[in-house]
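Given these sequences and hints, build the entire structure.
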Amino acid sequence: MGDVLAGFHAAWEFESDSVLIRFERGIRTPKLFQALGERRIPLEAIAGVTLTPGKRGTVVLHAVPRAGADPLMEAAAGQLKEGGDPYRLVLPADRETLAEYYADELRAALTEDAEPPERYLVAPPEAPLHFKAYDAKASFDGKAVSFRWFWTGASSTKWKAGDQSFPVTGLSGVEWRSPEVFEGHLRLLRREPAAAQPAQADQDPAAVVFGLGYGPVHESLPFAASVLAAVRASGPAPVTAAAAPRRDPADIADRIRHLGELHQAGLVTDEEFTTKKAELLAEL
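Residue numbers (our numbering): 9 to 292.
It is worth saying that the hints were derived from the structure and are not from the lab. Heads up, the beta-carbon is just placed ideally off N, CA and C, and yes, glycines get one too. Be aware that one or more of the hints could be misleading.
[Claimed, not checked] Computed cross-link-like contacts, DSS-like style, restricted to lysine-lysine with a CA-CA straight-line distance of at most 25 Å:
#, residue 1, residue 2
1, K168, K140
2, K39, K89
3, K89, K63
4, K39, K140
5, K63, K39
6, K140, K151
7, K89, K168
8, K145, K39
9, K89, K285
10, K145, K168
11, K168, K39
[What the hints assert, rightly or not] Taking CB as the label site, the calculated pair distances span:
#, residue 1, residue 2, range
12, P206, T37, 49 to 55 Å
13, K151, A286, 37 to 43 Å
14, T177, D278, 41 to 47 Å
So, in structure tokens, the structure goes:
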């Protein structure tokens with residue numbers, strides 16, 4: 009191999025031991041792809057390859073990542089939408105024959121080892137990284153994660169606890185909940201917490217919460233992946249939380265009712281109310 013297959017938003021360069029994915033920086037390219045720039049995916053990090061019909065006269069070449077091989081996908085825990093999956097290459101339907109050729113070439117080069125590897129095989133986004141959450145500025149310098157609270161967004165619990173710094177050696181993993189769903193957050197999981205971590209992220213000094221325009225995927229997910237990779241490098245395999253299960257309908261109804269009360273009190277804008285209500289209904 010060694011050829012290049014160009015699709016919408018990305019081009020894949022096939023090499024003897026890896027696939028180099030270069031993402032476009034166009035205005036229509038998903039922001040996560042632009043933030044990643046390019047990624048080299050070793051063949052041993054790929055579990056399988058599929059080629060399926062896409063939307064509006066396209067086909068989709070999908071390299072299925074091997075579990076535990078990529079910190080980005082490990083942190084995402086299945087929460088990325090199809091259009092934001094960096095392992096999907098969308099192509100015009102008239103390139104299906106060419107795409108099928110490369111799919112067959114990739115399949116022939118893959119190993120049959122499906123067990124999670126002992127280390128990450130795909131390089132994580134490089135530190136330093138930072139992003140603005142709703143209640144804090146989160147920073148990571150490669151050795152420690154810091155949260156600097158905003159008095160306008162942080163809960164009284166967090167404000168009283170003061171700004172936080174967590175060395176990666178004291179962490180066991182990361183929990184990322186996409187900002188595109190209700191109650192999105194980034195939570196650091198500690199190896200030996202002095203007490204059980206609060207269930208609600210807005211009450212946990214080891215977590216920051218997202219909101220409209222705060223903690224977007226293209227900033228918070230690479231951040232989570234970089235922290236996760238540093239945690240694994242510092243000790244035993246890190247812990248990531250699976251995607252949140254669907255909620256009980258009664259719980260959804262209670263949350264919508266509470267959201268309506270906040271809206272009537274002027275604490276939530278019309279746009280925020282409509283967006284969050286749709287997110288809650290989508291969980292049913």
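We went through each hint and held it up to the structure:
1. K168 with K140: Answer holds: K168 to K140 is near 20 Å, not above 25 Å.
2. K39 with K89: It holds: about 13 Å lies between the C-alpha atoms, which stays within 25 Å.
3. K89 with K63: Within the cut-off at roughly 14 Å; holds.
4. K39 with K140: Holds, because 16 Å separates the two Cα atoms, which is no more than 25 Å.
5. K63 with K39: The given pair, whose Cα atoms are some 20 Å apart, holds under the 25 Å limit.
6. K140 with K151: Within the cut-off at roughly 19 Å; holds.
7. K89 with K168: Not OK: K89 and K168 at ~37 Å, beyond 25 Å, violated.
8. K145 with K39: Cα-Cα ~20 Å, so holds.
9. K89 with K285: Measuring from Cα to Cα gives roughly 19 Å; hence the hint holds.
10. K145 with K168: Since the Cα atoms of K145 and K168 sit roughly 16 Å apart, the hinted pair holds (cutoff 25 Å).
11. K168 with K39: 35 Å, violated
12. P206 with T37: 49 to 55 Å: 38 Å, violated
13. K151 with A286: 37 to 43 Å: Between K151 and A286, where Cβ atoms are some 40 Å apart, the hint holds.
14. T177 with D278: 41 to 47 Å: 46 Å, holds
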